[in-house]
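If you're matching them up, the sequences are chains R and X in order. What the first sequence shows, in the working numbering, is residues 1 to 234, in sequence order. What the second sequence shows, in the working numbering, is residues 1 to 760, in sequence order.
Watch out, some of these pointers could steer you wrong.
Claimed, not checked - Computed spacing ranges between beta-carbons, pair by pair:
#, chain 1, residue 1, chain 2, residue 2, range
1, X, D86, R, A108, 40 to 48 angstroms
2, R, A192, X, S441, 58 to 66 angstroms
3, X, D140, R, A192, 50 to 58 angstroms
4, R, E30, X, G683, 29 to 37 angstroms
Keep in mind that the hints were calculated from the coordinates and are not lab data. From a predicted model like this one, the values you see are computed outputs, not experimental measurements. Where a beta carbon is used, it is the ideal one built from N, C-alpha and C, also for glycine.
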Amino acid sequence: MSARIGVVVFPGTNCEHDVVKALSALAGEEALAATVELVWHGERSLSQLDGVVLPGGFAHGDYLRPGAIARFSSVTDALARFAAEGGPVVGICNGFQVLTEAGLLPGALQKNSGLRFVCKSVGLRVCSTRTVLTGALSQGQRLRMPINHFEGNYTCDQRTLDRLRAEDCVVLRYEENPNGSVDDIAGVCNAAGNVVGLMPHPERACDMLTGALDGAPLLRSLLDAADQHASLPA
Amino acid sequence: MDDGASSGSSTGAIHRELGLTDAEAEHISEILGRAPDHLELAMYAVMWSEHCSYKSSRLHLRRLPTQGPGVLVGPGENAGVVDVGDGIAAAIRIESHNHPSAVEPYQGAATGVGGILRDIFTMGARPIALMDPLFFGPLDDARNRWIFEGVVSGISGYGNSVGVPTISGELTFAPCYSRNPLVNVLCLGLMPIERMVLGRASGEGNLAVLLGATTGRDGIGGVSVLASAGFAEDDADAAKRPSVQVGDPFEEKRLIEACLELLERGLVVGIQDLGGGGLTCATSETAARGGMGMDVNVDQVARREPGMEPFEVMTSESQERMLAIVSPADRAAVEEVCARWEVRASVIGIVTEPPRTHEGTVSDSRVADEVDPQGRLRVFDSSGAVLADVPAASLSEDAPLYDRPMAPPAGLAARVADDPGAIEAPADCGADVLEMLADPSWVYRQYDHQLFLNTVEGPGGDAAVLRLAGPGIPPSRRALAISTDSNPRWCALDPRLATALTVAESALNVACAGARPVALVNCLNFGNPEHPEVMWQLSEAIDGMAEACRALRIPVVGGNVSFYNESAGQDIDPTPVVAVLGVIERLDHRPPRPAFEEGASVVLLGAPSTELAGSRWAAELRSHRGGKLPGIDLRVHEKLLALVADLVRSRGLVAGIHDVSGGGLGVALAECALSSGVGCEVGGVADHRELFSESPGRVVLCSVRPDQVCERAEHAGVPARVIGTAGGARLVVGGLLNLSVAELTESWRRALPDALGERA
C-alpha cells in the first residue's frame, strides 16, 4: 500500500514546494512507495491521505494574527476529522500557528520577544519520541536546524504547561531560547502524539549542500508514520 | 476635450506643477497638433519624468556592451534574461527605491521589493532570490537609525511574506547618505526557456485585463514628484509622504501565483507590470512594443476610493497590479484562474489597429509626413467621452533626450594629488582593524534567506551561491553565484577607473565561488543631473563599466538610473552598484568560504600594493578622501578570474577563500579568522599601507597544498606567494597585528547592535 502525504496550500503559503521536495527525496532514498501531493485549502475531505503537513508561510497574509483566517478554511475542518481519527499531522512554522488557532494543539504563538523576524540556525533537544515526527529519534538527541519566523514565541497558561509536561507533549526544546518561548518550547504534540507542531523547519535541513541534515530523521519519522497509516485496514 | 484656446493659458501653470518644462510642454503640443488637456498632460508628465524616460542618461547608456553568447533579452525590457544552461533562463533586474525610502522607510523599501518582483515574473520567471545593497548615513544620528531600521524591516516584512528569499546584500555607511539613503533591490528569477514572454500587446480586439489590487490615490506622481527631484533642507519632505505607495505582500504573492499559472497555461498574449507611471506606462508600453493602439475605459478600473479623477486613475502607482493582454476566447479561463487565487481581474481596454492612411502610398513624402504609423492610446469614460488621445509610442519614444553639460568637479585634481600614503602610521593597527569589522547579521537575520532550499552560500560571504532549481524548473546540477558591489569612496576620486574596478571586484567575487561570469546588471545612483559634475561622473562611470565589461566579456543585460540623490544641496558620492551573475557548471560540493583551516598555508594571489587612495582606512578612520586610485590590468584580471574559479572547483585544494576589498588585507585576514575561529601567523607585510591597501585583484586563499596553488598561479601568469600559516587562536601579522580571535569576534559581533544602542 502506497502512503499518500498531502501538503496543504493556503493562499500565502510559501514553503509547500520545499516540503514536497524534501519528503519526496527522503522517500526515494528509503525506497518508500510514498507520494507527496499539494492539497488546496478548499478541500473538504482528507480521508484519502495517510499524512498531512501544514507548511510554513503566511496563510491568507496573516495580517490579523497568524492562522486566524486559515482556521476557517474548509480544509481545517477536514483536518480536524483526519486528526481525530488518528491520522499523522505535522504543522511547521505557520502550520504550527494554524494548528493552535484551530484548537488542534494547545497554546498560542505570539511575537518574538525581540520584536523582530529571526532567520537562523538553532540547537534543539528531542524531548519526546512518542510522536509521528520523532518516532525514529532518541530522547535527548540534539539537532540543529533553521528557524524562520516573527511569531514563534510559544505561550500557554500554567495549567496547560503542567499538562504538556505531565503528558509528555513537549516534543522539542531550544538549547538557547531565540524567541522567548515558555519553557524553551520549540514544538508540542496532542495527547495522542499524532498531531505535532514545531517552529523550526526540518525541510530546510535535509541536504549537506545547503548546510544541514538534522531535519531528515524528523521527516523520515513522518514517512514511517504515514506508511503505517496506509497499512491500517480502511 | 478642451479646445486649444481655453486650455492654453490654464495648462501653462499646470505643466510645471506636474514637473514638465515649458519646452517639454510645447513639444507635447507639437506631437498632438493641439494643446493637451489635463489628463494628457499628466500622462506625459509621468512618462517623461527622469525616472521613466531616462532622458538625461539614455545618451550615455548606449555605450554599454549588451551583447553576449547567452543573452536572450538585453536592456529595455522589464528584465534582462540570460540562458544559464540545461534549458533554464535566468531573469535579472536591479532597481532603486531611494526617495520613497527616505520619506517613509518601511513602505519605501517594501514597495521596492514588490516592484522588482513584478519586473521578474512579468517575463515569465518565478522570482527565486532578492538582494539588497543598502547605503545609509552614520548611525550616530537618530534619523539615520530610524531610516535604517525601517528599511530593513520593510524588506523583511514584504520579502518574507511574499515568499522570496533575500539571499544577500551589501551594507555601507557614509555621511553623504544622511537623509538620502540608497535602497537598491535586485531580483533573480528562473524559468524554462520556452516560457519567456515579452510585454507586448498584439492582435486587434484582444483584451487588456487589469489584474490585482484596486487603484487608489497612493503614489500619484511618484516618479515625477518623488523620484525626479532632490530633497530640501527642512522637513518639507514629509509633505511628499502621500506620494509613497503602500505595499500588500499577500496580494503580490497571489498575483505571482496567478500570473505564473496564466503564463504556464498559455492564457496570455503579453503581460506587463504596473510600476512607475502606473496604467499610463503599462498601456502605452505594451501597445507601443506591439506596434498597436489601445482603447482604455477608465471607469472600468476598480478603485479603492470614490471621487478619483481620471488623471489619478491613469497615473496612480498603487502596487500589486499587472496588465495582461488576453484573447477574448481565453477570457473565461483567465477569470477562473484569477478567481481561484482570489485575484481581481477587470477588462479595462481593447487592443486596436494603428489608424490606416487613405492615401495608402508613402512615395509622396508630403503625404508620408501626415501618416501616423503609431497606434493611438485613447482613454474614454463610460459615457464614451474621449478624455485622452495620444500616439501610444510618443509617451516613451518621443521623450526628450538631453545631452546635459558635463564638467569634472572643481578641485578634483587637487584632491587626487593629496596622497593618503603620507598619513602617519598608526601606533596600533589592531585597533584600526577592529574598528572596521561589522557583522551584518543584524540585518540578514531578519530576512528569510533559505526558502526554496537553494541557498548554498547565503549572506556574509563574497558571493551568494544558489542551486539552479526552483518550483517548475527542469532539474540541473548547475548553480548560480551572484555578487553586488559598489565603491563610492573610489568613485568620488575617479568614477571611470573606480567603476571598472567595481566590475572587476564583482566578477572576482563570483569567481571565488567557482563561477564564470555571464551577465551584469547595474543600478546607477547619482546626484542631481542638472549639476555638470554629476553628469560627468555618470558619463565616466558608464565608460569605466563599458571598458571592464568588454575586457572581461561580461554583457550588461539591464540597469536602472537614479538621479537627484542629494540633500541640502549636496550630491551623494557617485554610487554605481553592479551585480555580476555567474554560472557554476556543476555543483557537487559547497564552495569554500572566507575561512582558515588549522595547519594550512595562507596564500596571497595578486601583486602586493601600498596604495591607500580611496581605502576605508584612509576615508573612514582618518577622514582622508584624496589620492590617486590604484590601477588594474584587465587582461591579468581575466586570468585571475579563470585561475580562482579553477582552483575553487578543484576539490580539496582550497580550504578557504576571500577577496581583498574594504579594509584591505588586514580585514580580509580578520574575516577569515573570525568566521572559522582559527587564527593565522602572517609575515612579510611591510607596513600599515600594505595592510590596509584596497588595491584590486587580490585574493587570500587557505590551502593544504600551497605548492600546487602557486604552481597553477605561475602557469596562469598571476603573482602568488605564501604569506603565512593558519592556526591557533590569534591573528598575527608580524610587526603590525596581534589580536585574539575572540577579540575580533566580539568586536565584529557587537558593532551594529552597539551602534543602534541595543543591549548585549
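Checked hints:
no. : hint                                : result
1   : X/D86 x R/A108: 40 to 48 angstroms  : 46 angstroms, holds
2   : R/A192 x X/S441: 58 to 66 angstroms : 40 angstroms, violated
3   : X/D140 x R/A192: 50 to 58 angstroms : 57 angstroms, holds
4   : R/E30 x X/G683: 29 to 37 angstroms  : 53 angstroms, violated
Hint check: violations occur at hints 2 and 4; the rest are consistent with the structure.
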